[in-house]
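Build the full structure now, drawing on both the sequences and the hints.
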Amino acid sequence: MSMGLAAYPLSYLEASGTRADHILPLTRYMLGVAILVCLVIGVLLWIAVRRNRSAISSLAIREVPLVRGPDAVRWISVGLTVSAVPIVIALIWTLTALASTSGPPAHPALTLDVTGHQWWWEVRYDSTDPSQVFLTANEIHIPVGEPVLVRLHGGDVIHSFWVPKLTGKTDTIPGQVNFSWIRADRPGLYRGQCTEYCGYQHAHMSIEVVAEPRAAFEHWRIAQLAPAPAPITAEQTRGEELVQYRCGSCHQVRGTLAGALSAPDLTHVASRRTLAAGTLLNNPGNLSGWIENPQSIKPGALMPDQYLSAQELADARAYLETLR
Amino acid sequence: MAERAVSRPQDIPLGPTHRVGVGRWGIWTVIATEAALFGYLLFAYFYLGAQGPPGWLLEPHPSLKYAVPGTVIVLLSALLTWWGVQAILRDRRVQSAIAFAVAWLLGIGSVWLQILDWKAKPFHLGTSSYSSIYYVTTGFDVLHVLVGLVIFFFLILWTALGYFSARRSLVVTVSALYWYFLTVTWLAIFVTFYVSPYLGFGQWQ
Amino acid sequence: MMPEVTTTPRVGISGVEHEAKLERLWESEPGLKGFLGTVDHKKIGIRYIVTAFVFLALGGVEALVMRMQLAGPNLSLLTPREYNQLFSTHGMTMIFLYASPILSGFSNYLWPLLLGSRDMAFPRLNALSYWIYLAAGIFLYSGFLTGNGPNDGWFNYVPYAERDYNPGLNQDFYALGMILLGISTTVGAANFIVTAFRTRAPGMSINRMPIMVWGTLTANVANLIVVPAVSLAFFLLWMDRNFGTHFYQPSNGGQVLLWQHLFWIYGHPWVYAIVLPAMGMVSDALPVFCRRPLVGYALVAFATVSTMILGFGVWVHHMFATGLPGLGMSFFSGASLLIILPSAISVFAWIATIWHGRPVYRTPFLFFSSVILLFVIGGVSGFMTASVPVDWQLTDTYFVVAHIHYVLIGINVFSVVGGVYFWFPKMTGRMLDEPLGKLNFWTMFIGFNLAFLPMHVTGLLGMPRRVYTYGAYGGWDTLNLITSIGSFLFALGVLLLLVNVLKSLKSGGPAGANPWDAYSLEWSVPSPPPPYNFAVIPTVVSRYPLWEDRLGEEGLRSSIERGMLLTQGKQTIGTSGVDASPDIVLQMAEDSYAPVSLAAGTSLLFVGLLLKSIPIGALGVAIATLALIAWMWPSFELREREPEHG
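Residue numbers (my numbering), protein chains in the order written: chain A, -12 to 311; chain B, 198 to 402; chain C, 91 to 736.
Keep in mind that the hints were calculated from the coordinates and are not lab data.
Note that the coordinates shown come from a computational prediction; the quantities given were computed from them, not determined experimentally.
By construction, the Cβ of each residue, glycine as well, lies at the ideal position given by its N, Cα and C atoms.
Accuracy of the hints is not assured; some may be wrong.
Claimed, not checked - The following label-pair restraints were derived from C-beta to C-beta distances:
#1 C:L235 x A:T220: 51 to 59 Å
#2 A:S236 x B:H321: 29 to 37 Å
#3 C:K702 x A:P271: 16 to 24 Å
Unchecked claim - These stretches of chain C come out as covered by chain A in the derived footprint (C-beta under 8 Å, 3 or more residues):
#4 469 to 475
#5 573 to 587
#6 630 to 642
What the hints assert, rightly or not - Computed, partial: chain A to chain C, Cβ under 10 Å:
#7 R40
#8 S64
#9 G90
#10 T157
#11 D158
#12 I160
#13 C237
Structure representation (structure tokens):
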């Protein structure tokens, strides 16, 4: 049942993945019970305050005689019994939903190691064959309809991995490995967000899951495995040198001398839809702005402002745009 | 018009006695909250140990060289305190003061033994989570004992000055209860840190 | 063996001379000694209430500034650093510096009056708990006002709270300030527990106590047991940050989740501690305005205690997303669902009381009856988050923010404001303005619901919590704007309360002893009560002492006019725990500088710890020790020792 919630990418009143599918009916049930209870109590309360109210409101309270009244304890016994029914149903349903959603799939088609960092997501595509392992950041591609195991690692502080339409939240906690899993029902772009307060830029730590048919996924995966292409123009060549020098102390661009792992892997940065963990659309203007002045876009981010000259900025951008 | 119930108690104590008062209730609330504190410390030990990496127990067989004599001294001190309370309930002030004084000295002895134990340990506060919880828990215990020693100092002084008697013994009772609480706390710490490793806790990795 | 010192208290009726004597015995000393050293529970209660309202206002301003920042997407009124300190300080202020102390204040003021006693069991301890609360509030706000406020939320998770990620003094202020505050809470809890069990009026057996006493008693038993958990959590954090320990750092065997367990073992019972006394106020006041006894008193008392007991067993529901084993989480999920049932008892008892009563629309009634609806709204959103898989979607979104504000504001604030309207006449001898009161109610009610009802939708649409801004992509713009507007309207309502209070202090109508024709003992003494509360100790035979004739029950009546006189010093009667039969005459302490000195010394110690200054810390310890010795020195007046000579 679509609720026309396309305008609300983080809403979980719609599900597009198996794990979220199993939670949604229970959510709707509980929401329905919640609204019904509020209405019933509201009506009862309204009637109660109106039915025997003292006739004249300016009457001195002393003039209103005491009511010896029935002991009315039946209200409580009936109310309690009626309340118990939806609660017990919720309890049983919770246990079954928990059983069907919690376990990671026995034979995942894909295994990812996701590490939460302040304020970006490191994604490692795992494989039994070491040559098939690669790193990327903030944007995950998965084959639609196939179960994907997500191992969650704590990089610095606690973050939480959440893609509402596909799965509920699981924290990344230093010192332990947590597990989540996703299996998209249909192709699409699914937005997620860090949902455990992690410092200054907790607000700008999105993640995007792109679910696509197996063939398209393979195409993407093979492209991601490839190292950075060699620069062609003079601008790009200067840009490559600059990126190695200035960015390499934190970033990795496979196939160049930039080899650090404390910031997002940039080998295929131009293939991503967004920059800075979902904060900016990936276009030349934003890319330049981000490189030059990250502190004005994500104040407190661990990437310092770069103070490049206009030429240097253009060179860097030219090079980075080749990294598809 | 219905009759009024009027409470007319006869011959009730004026001020706290050995059996009736509010001070006893007061010290029990203190004991409850401090016992909870030590409970959480021991919870932290067991949680860290259960979740901890292999080799978490830095001393798989903790040395009992100081801890066992310390335990004996702590128990003796409690016994003497009990004796001191019984003495004051028989109006034997001198006996009471002496019993408390010996209990006090034993208390100092127990602190001294704990410090020797600390010095003998092969790890320091910042070595790992094991050492941290060990030192903080035993440290809290020592702190509580030091407070107890100050309390007992004044208890001895006041007993010697003749403040207390069989009928005015609340301060004595309250101080003694605090001391017994520390005895029980030490026993819990002893069992947790010194005995449970021998029983297998923390050894499974 | 010397004979016991016993006495047979004289019984009689009051008179002018008798009251004058009591007045001399009980009134606070004049000047500085009285101001700094008073042990009058009514003065202490009012100090608590005023101080808590100041913190409510501060926390409210913090919230309004945040709502301005969040009124639209991508606004930049606040930097992330500023926002993070604001939301953390807001939480800390409201939960620790307002919600519990306000209830302590009302309880402090009311309990001896409700219980037919002349004072709390430990008058000096009472004063101490206030002074330490004030000191802790100042300590914590000194951090905030110097840019060193808490910045990791009120829940303060590690590792973000560790020095590696949070090098400034923010966390040290918070940790030490909370430990200091914990001392106040603990000594207050001890006082309430012993008072409830040992100083009720003769005949006020345990099943005749006001529900507010049940609520506060339950809350304080819980506090006694769980405050050490959070104090320890903060202490271990302070140790990690300053002494190189490894409690929470995985690199050396520490456990990140240890913090969460210790914090929530405290944190969950705490939230019941800040609503159960307020629910007690509703249970005690609704009967007055419905002109009939509460329906199901015994069940409501039972529900109060069982909610608290169950409340000890649900803490993991704050940790459902941390990767704990499903079996363990199922247990906590079940308990979190079951805990709804005792609350349902109270809700139906209240509705039944109104239904079978004859409601008189006065401002207190509006506030107290609205609590029922707001409580239920808050309760059902709690019902939803109790289920583990549903919580995986709801947690850390604005849905939970809506839930917590419905229960905290809906139960605590609305009851408290109702309580202000109800007891202001008793405290001051004047009535609050009734038409302004009704305006106050509607402004607060409409503003509150305008702000927080849409927030459920904002949360269901996925807006995360604790974000200093949000993008337009989420579709939350309009909802946030509505919330921001509603919050200002709600604040206006709170301002109207202040206006009403200030206006009525000067020119409110005279109240008399019992303007609401209520039933409990506090309404049998003048407004405001004399320092000794009761000229003679009442004897009680029912839950509704002042209504007995009209309720037409058989048997004896409570005695208000005639009772023990107790004028041989500052005396009140001690009674047994369950049956309240008198078993001791208690001598109560005089005004004393010891509590405020002890508070000052302790605070100085904590300043020394914060600044790592041994001289300051040692001075603090010295002052505190001397104050304690002076306090504890056995006194003959209090019958703690034998007399000077023989």
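Cross-check of the supplied hints:
1. Evaluation of the 51 to 59 Å hint for C:L235 and A:T220 yields a pass: the beta carbon distance comes to about 56 Å.
2. Between A:S236 and B:H321 the Cβ separation comes to about 35 Å, which falls inside the hinted range of 29 to 37 Å.
3. Between C:K702 and A:P271 the beta carbons are some 51 Å apart, a value that contradicts the proposed interval 16 to 24 Å.
4. Under the rule that three or more residues need a Cβ within less than 8 Å of chain A, the assignment of the stretch 469 to 475 of chain C holds, with 4 such residues.
5. Against chain A, the stretch 573 to 587 of chain C contributes 0 residues with a C-beta closer than 8 Å to a partner C-beta. That does not satisfy the three-residue criterion, and the hint is violated.
6. Counting residues of the stretch 630 to 642 of chain C whose C-beta lies closer than 8 Å to any C-beta of chain A gives 4; at least three are required, and the coverage claim holds.
7. Against a cut-off of 10 Å between C-beta atoms, the interface hint on A:R40 holds, since the closest Cβ of chain C lies about 5 Å away.
8. Checking A:S64 against chain C by beta carbon gives a least distance of about 9 Å; that is within 10 Å, so the hint holds.
9. Interface hint status for A:G90: upheld, as the beta-carbon distance to the closest one in chain C is roughly 8 Å, under 10 Å.
10. For A:T157, the interface hint holds, since its Cβ comes within 10 Å of a Cβ in chain C; the closest pair sits about 6 Å apart.
11. At about 5 Å, the closest approach between the beta carbon of A:D158 and any beta carbon in chain C falls short of 10 Å, and the interface hint on this residue holds.
12. At its closest, the beta carbon of A:I160 sits 5 Å from a beta carbon of chain C; the interface hint therefore holds under the 10 Å criterion.
13. Against a cut-off of 10 Å between C-beta atoms, the interface hint on A:C237 is violated, since the closest Cβ of chain C lies about 17 Å away.
The structure fails hints 3, 5, 13 (numbered hints given earlier, in ascending order).
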